[in-house]
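Protein sequences appear in the order of chains A and B. The opening residue of the first sequence carries number 7 in my numbering; numbering runs sequentially from there. The opening residue of the second sequence carries number -9 in my numbering; numbering runs sequentially from there.
To be clear, the hints were calculated from the coordinates, so they are not data collected in a lab.
Here are the computed lysine-lysine pairs in the DSS-like style, where the Cα-Cα straight-line distance is at most 30 Å: (1) K137/A to K186/B; (2) K(-2)/B to K136/A; (3) K119/A to K202/B; (4) K120/A to K186/B; (5) K120/A to K(-2)/B; (6) K21/A to K351/B; (7) K137/A to K(-2)/B; (8) K16/A to K353/B; (9) K136/A to K5/B; (10) K21/A to K202/B; (11) K120/A to K202/B; (12) K202/B to K137/A; (13) K121/A to K5/B; (14) K120/A to K353/B; (15) K(-2)/B to K124/A; (16) K124/A to K202/B; (17) K136/A to K124/A; (18) K45/B to K58/B; (19) K142/A to K(-2)/B; (20) K186/B to K124/A; (21) K(-2)/B to K119/A; (22) K(-6)/B to K121/A; (23) K353/B to K(-2)/B; (24) K21/A to K350/B; (25) K34/A to K354/B; (26) K124/A to K5/B; (27) K21/A to K353/B; (28) K351/B to K16/A; (29) K121/A to K(-2)/B; (30) K5/B to K137/A; (31) K202/B to K121/A; (32) K297/A to K235/A; (33) K5/B to K142/A; (34) K353/B to K34/A; (35) K119/A to K5/B; (36) K120/A to K(-6)/B; (37) K99/B to K58/B; (38) K5/B to K186/B; (39) K21/A to K267/B.
Residues per chain, in single letters:
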Amino acid sequence: MVDEYAVEIKGLTKKFGDFTAVDRIDLKVRRGEIFGFLGPNGAGKSTTIKMLCGLIMPSSGSGTVGGFDIWTEPEEIKMNIGYMSQRFSLYEELTVMENIDFFSGIYNVPRNKKKQRKAWVLNMAQIEEKKDHPVKTLAGGLKQRLALGCAILHEPPIIFLDEPTSGVDPLSRRNFWRLIEEMAGEGKTVFVTTHYMDEADNCHRLVLIHRGKIIAEGTPSELRSSYMKFDIAELLVDQPFVAMDILRDAGLEASLHGETVHVSLESYESCQDEIGRILKNAGLTIKGIEKVPPSLEDVFVTLVEGRE
Amino acid sequence: MRLKGIVKKEFIHIKRDPLSLAMAFLLPAILLFIYGYAVTFDVENIETVVCDRDKSSLSRELIEGFSKSGYFTIISYTESYNDVDGYIDRGDAKAGIIIPDDFSKTIRKGGLPSVEIIIDGSNSNIATIALGYVSAIEERYTRRLYPLSKEGPLIQVKTRIWYNREMRSRNFIIPGLIAVIMAVIVALLTSLTVSKEWDRGSMEQLLSTPVKPSELVLGKLIPYFIIGFADTVFAVLMSTFLFGVPLKGDPVLLFLLSSIFLFGGLSFGILISIVAKNQTIASQIAMLTTFLPAFLLSGFIFSISNMPKILQIFTLAIPARYFVTILKGIFLKGVTIEDLLWETALLSLYGLIVFFLAVKKLKKWIG
Ligand SMILES: Nc1ncnc2c1ncn2[C@@H]1O[C@H](COP(=O)(O)OP(=O)(O)OP(=O)(O)O)[C@@H](O)[C@H]1O
Ligand SMILES: [Mg+2]
Chain A
7 MVDEYAVEIK GLTKKFGDFT AVDRIDLKVR RGEIFGFLGP NGAGKSTTIK
57 MLCGLIMPSS GSGTVGGFDI WTEPEEIKMN IGYMSQRFSL YEELTVMENI
107 DFFSGIYNVP RNKKKQRKAW VLNMAQIEEK KDHPVKTLAG GLKQRLALGC
157 AILHEPPIIF LDEPTSGVDP LSRRNFWRLI EEMAGEGKTV FVTTHYMDEA
207 DNCHRLVLIH RGKIIAEGTP SELRSSYMKF DIAELLVDQP FVAMDILRDA
257 GLEASLHGET VHVSLESYES CQDEIGRILK NAGLTIKGIE KVPPSLEDVF
307 VTLVEGRE
Chain B
-9 MRLKGIVKKE FIHIKRDPLS LAMAFLLPAI LLFIYGYAVT FDVENIETVV
41 CDRDKSSLSR ELIEGFSKSG YFTIISYTES YNDVDGYIDR GDAKAGIIIP
91 DDFSKTIRKG GLPSVEIIID GSNSNIATIA LGYVSAIEER YTRRLYPLSK
141 EGPLIQVKTR IWYNREMRSR NFIIPGLIAV IMAVIVALLT SLTVSKEWDR
191 GSMEQLLSTP VKPSELVLGK LIPYFIIGFA DTVFAVLMST FLFGVPLKGD
241 PVLLFLLSSI FLFGGLSFGI LISIVAKNQT IASQIAMLTT FLPAFLLSGF
291 IFSISNMPKI LQIFTLAIPA RYFVTILKGI FLKGVTIEDL LWETALLSLY
341 GLIVFFLAVK KLKKWIG
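Let the sequences and hints guide you as you build the complete structure.
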């Protein structure tokens, strides 16, 4: 295939009655890319994915997935994609193996490959010893991995994942992202939505949508440098909660990042000393202070708030 | 193979869900059992007016035969023929017995007196059943007067009972009852299958796969067809062995035509399920759209030919109507396929239309 892009859409729009959920979106996703589609709740992420997977028809606009037209070739698209919906969608009362069996039948996995693919899913989801358990008895992380496995039994070149890690513990989330990276490493295109900003850093390229419109796009580092006009000071203190409250009382924008406190400043150099003074007056000692690049969360909070 | 996969999955669902399993297998049997015993149209206490012009011991004996049977309650005696008509016209009486002046005289002469019995035909079921009683009483009367006689009836009453000589209303009811119960059950069975997938979110996953609408509909239909077929066989066995309804016709034909009905009914359930998208709504629609028409407009209770023209035309669209005719015909009259060509053709047409509608509706979602 000569087509460089796995997904290419132009002016894609979806209206529900008077309400425009997706508003003239243009985007291109390269083959083998992990493409992050980000946005707050109700931004239109799922709606966009559903149009690309042929689950709902667009109101207007055009697009191709894997080189196939979303209007005229939905059947072909469906042969070439794996889709994992935002809602858990395996059959809870069926066992792990019965689910895998069912989807390998639905995807028409060739007979000679069936055994190998089933074994692959069990291994990938690390679920071998649970294979005869009903899915409803599994932990969230395992369910998600199994759902992913079932969605890609037929080895599709393009994979759509709609908030695959929502409601899953941090360790499972990290494991899940390792799987995504592995798949991209094999040349598969992964189109993924999330609202965990720390996960966005794992993507090759990002698009941020808000109220159905794209408001920013680029690689994670491009987004950081071009959209963030504030400097971020990262403070290491004994009592981060107390420090955050004190800084907020002083009229600064402060937030907790793990053990540290982030403060947005007009200019790091000119404000550094003042922060030290404020905290010292309150009886806190600063164990360390340094200028850090803004996190994506910092960027998106600023961008979205700028639009409200 | 996709179809095989869907069928297999559906069977696992049924197996794991005790409630649906119970509904599939026990509900039809329970309904047939309850209604088979409860719903009898044996008519009692038919209000009767008597015009006894003879006033002999023989005529009194005949009248007593009626009143003692328990089926007829004599509400009034009158002297004139016209009075009898009046009672019936006003609806005060459902039956009238008129015994002529020369009743006993004719019997003594060895002749055949003619007793006139008038029955209000506005309720054809009651009328038919009442006529049955008349002939039974008449026979008993004859036998009592001439116990050894092998001759024909003593009194001349023209009665005819159709297809149900034993006069058991149950024989009438059970075949139609099977049709009504199956009409409701099959639609209920499948009305949950697709809506369940919507409710739990798996439909979205299915729609993103290359599965074809026809495969999905057929895959969901096949397991329930097998269950529905088993239900029908069981209901027929119950009818003959438990209720003692004689099966006059060919059982093979009966099951063959039942299969056509099942196909349409199950497809209809699936269609509801696709449109409703919600389990509660789907099952309610299935109940309403099958039970009432099947019960009221299929000819099960109310004879279609007595209905207003508009309603008669409307009944043409009710598949249970044909199934009632088929089951009654095969059970009671032992009719063959030649007598049921019309019903068979329309049931097949209905099934095909509904099946394709379901596939088309689903296609709209699959894109
Ligand atoms: N079938 C529908 N009918 C009407 N409105 C809808 C429909 N589906 C989605 N919407 C609306 O469209 C908007 C976008 O929804 P969408 O599910 O795409 O958001 P999202 O970005 O996926 O949000 P989330 O993070 O909550 O999943 C929302 O306001 C939603 O209420
Ligand atoms: Mg969503």
